[in-house]
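Undergrad: Given these sequences and hints, build the entire structure.
Chains as they are written, first to last, in my numbering: chain A, 1470 to 1920; chain B, 1470 to 1920.
Honestly, I wouldn't trust all of these hints.
Because identical chains share one entry, a pair is satisfied inside a single copy or across any pair of copies.
As the list claims (entries may be wrong) - Okay, derived cross-link-like pairs now, DSBU-like style, lysine-lysine, Cα gap no bigger than 35 Å in a straight line:
| # | residue 1 | residue 2 |
| --- | --- | --- |
| 1 | 1778 | 1750 |
| 2 | 1896 | 1910 |
| 3 | 1896 | 1778 |
| 4 | 1840 | 1910 |
| 5 | 1750 | 1833 |
| 6 | 1848 | 1896 |
| 7 | 1831 | 1910 |
| 8 | 1761 | 1778 |
| 9 | 1750 | 1910 |
| 10 | 1831 | 1750 |
| 11 | 1865 | 1840 |
| 12 | 1761 | 1616 |
| 13 | 1591 | 1910 |
| 14 | 1778 | 1840 |
| 15 | 1778 | 1848 |
| 16 | 1571 | 1910 |
| 17 | 1616 | 1865 |
None of these hints come from the bench; they were simulated from the model.
Next come the chains, spelled out residue by residue.
Number of protein chains: 2
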Amino acid sequence: MEDRHNNTSRRDLLRFASLASLAAGPLDAASRQPSGPTAASMSGVPFEGRDQVRLGVIGVGGRGNALITNFTAMPEVRLTAMCDVVHDKLLRTQERLQRAGKLPVAPALYSDGDHAFEQLVKRDDLDLVVVATPWIWHTPMAVAAMKAGKHVAVEVPAARTIDDCWQLVNTSEATRRHCIQLENCCYGYNELLALNMCRGGLFGELTHGACAYNHDLRGELFSNAGEGLWRRFEGLNRNGNLYPTHGLGPVAHYMDINRGDRLEYLVSMSSLASGMAAYRKEHLPADDPRQKEVYRCGDLNVSLIRTNKGRVIQLEHNTFEPQPYDRINLIAGSKGIFRDYPPRIYVDGTTPEEFGSIDPYKDKYEHSYWKQTGELARKLGGHGGMDFVMAYRLAKCLREGQAPDIDVYDTATWSAPGPLSEASVAKGSAPVLFPDFTRGKWRQERPVLEG
Amino acid sequence: MEDRHNNTSRRDLLRFASLASLAAGPLDAASRQPSGPTAASMSGVPFEGRDQVRLGVIGVGGRGNALITNFTAMPEVRLTAMCDVVHDKLLRTQERLQRAGKLPVAPALYSDGDHAFEQLVKRDDLDLVVVATPWIWHTPMAVAAMKAGKHVAVEVPAARTIDDCWQLVNTSEATRRHCIQLENCCYGYNELLALNMCRGGLFGELTHGACAYNHDLRGELFSNAGEGLWRRFEGLNRNGNLYPTHGLGPVAHYMDINRGDRLEYLVSMSSLASGMAAYRKEHLPADDPRQKEVYRCGDLNVSLIRTNKGRVIQLEHNTFEPQPYDRINLIAGSKGIFRDYPPRIYVDGTTPEEFGSIDPYKDKYEHSYWKQTGELARKLGGHGGMDFVMAYRLAKCLREGQAPDIDVYDTATWSAPGPLSEASVAKGSAPVLFPDFTRGKWRQERPVLEG
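TA: Have a look at this one:
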């Protein structure tokens, strides 16, 4: 869905603004309870089980293609249908896969306008729909897929408003279809290693974590292709954490969020906006219309989240300033601390006041998913291999009839800091409550990423 | 004032509790305006100028002795009087200095009870009183010194409540005496280097900073000597940032706080308390009375502070968990970022997506204070030399009749996140306003650490 136009235009912008405002609920919806009827929980509900996973993909831009590569690396996954508003991109993807021998049967192609995906999800030869489109389309596409009886795996963030979050939860429960957030970072080597360390008690009682999406995207955001066509617009009218899940997902796993603990409230603060204006001044022509865009979103947004058990999570977002990539990925407790970028560890009494290497811990704590997939994951290489581990796990759960690792409650909870941070920032950093998307089920302790 | 007893006792604890509660104002005093009459500002007011600086020191524990060593390393500083509730400590300090040839004339000694300092400050041969006692004594001793007509330099934090802060400001203005917080970290090599980088525009427009006092003090806090005799008590009834100034001082300098910008509001969150209980379980006898102490203070406290110009400061405190020492000391803007521990830098367009060494920047950005003092500072070694640079600057300003680098407004502003974080934590992380201790003078741009 990404590079239909060669240049961003006022029309793109207006179209985005109108879609975005339709999608946005009122800010005070933060803790509103769902209005619709509720059905039984989808927590722990297993997939049906099947030999083969038939895949439909909506959006074959950069990210859609990467996901297809990882899913179709498994012979038991078959790509059945694809959708994109740019027909040429469907053809290019099809050709690439045919050359690679990954398309035994030509998939059905859908490209007739913004709502062509509604045709795709109606097919009866799909076990999973994958959504990899601009963010404003994530929730409507996921809802449409579930309503058409399909499990759906959605790129991050799955939701941009709290109403979106509830729509996903309500629809998943009503249709008995899973809504899985494709949070690849939960499957990173270091993240899964740290998860095992937490489970093994290496850090004692967990007290706090920190995480981020600190990634200099200025070049991409001003690009005339790919995400440059739409992602910059998210910063025009939203001031908060635009992209919370990459950081939060793994820390939520460390802390058993929705599996014994839960996120209770958040405060958020944004800095002034400066980086994008400084960048375009140097890199774009003086008469480029983008010189006049006003970004409401602060360069740094930082939120503090408190859990029911009294743990604290610091969550940062900064895509507008020059800086080395950093998801922070910190977890700490009464006995020690792990910090990433680069990965390092300190355990009480074992090291002389300095961080040490994680290498001595790998034998004991390397996660089984990486033992199962490591070689192929590293060969495919998507984000260091985590993309394949994620695809592998999702396909495995679908085939073997397990419950998915990440369910609709995680999807909603990890997306929620987007709109909640906006609400808090708009109210001068006032605390806002997380809705309990699980409706009380978070108290139930359940394993995380085991099996 | 530190090791009068060999063991902490219930009596110590009760004494502390009663003093602490007398000192504490109501939590909603956070933004209260001063009640007393106000005099002219002390901002930019020069010292009188003198050839020699005659020093009186209250508290000759570990910190007091270190300060004396640094001050008396300068021949133009003479120690005239000392006070401590433990007379033996005065004698030991005197003997050490005599052996080192740093005491041409024997100083007057005061040790007759908790209020002996009131005699010291009345002397007429003192140009500066230094206070290095337990925190609850900082404000009353500083106020007494100023009321007796002496400039005073107080260890951190100078104040534990907002009423304390206002008392310092009001007293300084009324007496025309300076009240200087001994914030040594402002004089660290890396801090002053980063300050020059900010001034030189290396990071573009500044948008955010981060800082901390993350220091595993568990062993010291449970010690039967030194700070173990009183510092642990601070965590019994206070839940917030107990020790904000080491991190905040340098970042406040980078951002021209009180010299063109100001701290406007703060939100704060504390984690559960776990580290101290885990530590004592392993290290103290089962029947030690400290096993029953209940620490209200969370292991991690983190505050977000917003400035008038829209900058964000993240401020952490964690002295209760195993971790490498880290003051963070981060400053960032539209063009680059500096992060300490270890020091590293990233400047737009100069490096390939990684932090680089600060070494290539030292020629251009090394601060003049370190050029002036570096050799002696490093030889004395207090906290890497910063202690001497601080003492050198204070003595120089006193002698040459300059205004001090750090005035009573900085002292109050940097101490304020202690009580403000307590207030915010107590109210579920609600925003609390910083008082404007400068009464509007913060708008006036003034140089920081120049000269």
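Undergrad: If a hint holds in the structure, say so; if it doesn't, say that too.
TA: Each hint tested on the structure:
no.	hint	in the structure
1	1778 - 1750	between (47 Å within a copy, 21 Å between copies)
2	1896 - 1910	both (30 Å within a copy, 27 Å between copies)
3	1896 - 1778	both (26 Å within a copy, 17 Å between copies)
4	1840 - 1910	within (32 Å within a copy, 62 Å between copies)
5	1750 - 1833	between (51 Å within a copy, 27 Å between copies)
6	1848 - 1896	neither (47 Å within a copy, 51 Å between copies)
7	1831 - 1910	within (34 Å within a copy, 56 Å between copies)
8	1761 - 1778	between (46 Å within a copy, 21 Å between copies)
9	1750 - 1910	between (51 Å within a copy, 34 Å between copies)
10	1831 - 1750	between (46 Å within a copy, 29 Å between copies)
11	1865 - 1840	within (15 Å within a copy, 64 Å between copies)
12	1761 - 1616	neither (41 Å within a copy, 57 Å between copies)
13	1591 - 1910	within (32 Å within a copy, 67 Å between copies)
14	1778 - 1840	within (32 Å within a copy, 50 Å between copies)
15	1778 - 1848	neither (40 Å within a copy, 48 Å between copies)
16	1571 - 1910	neither (41 Å within a copy, 70 Å between copies)
17	1616 - 1865	within (24 Å within a copy, 76 Å between copies)
The structure fails to meet hints 6, 12, 15, 16 from the earlier list, while all remaining hints are met.
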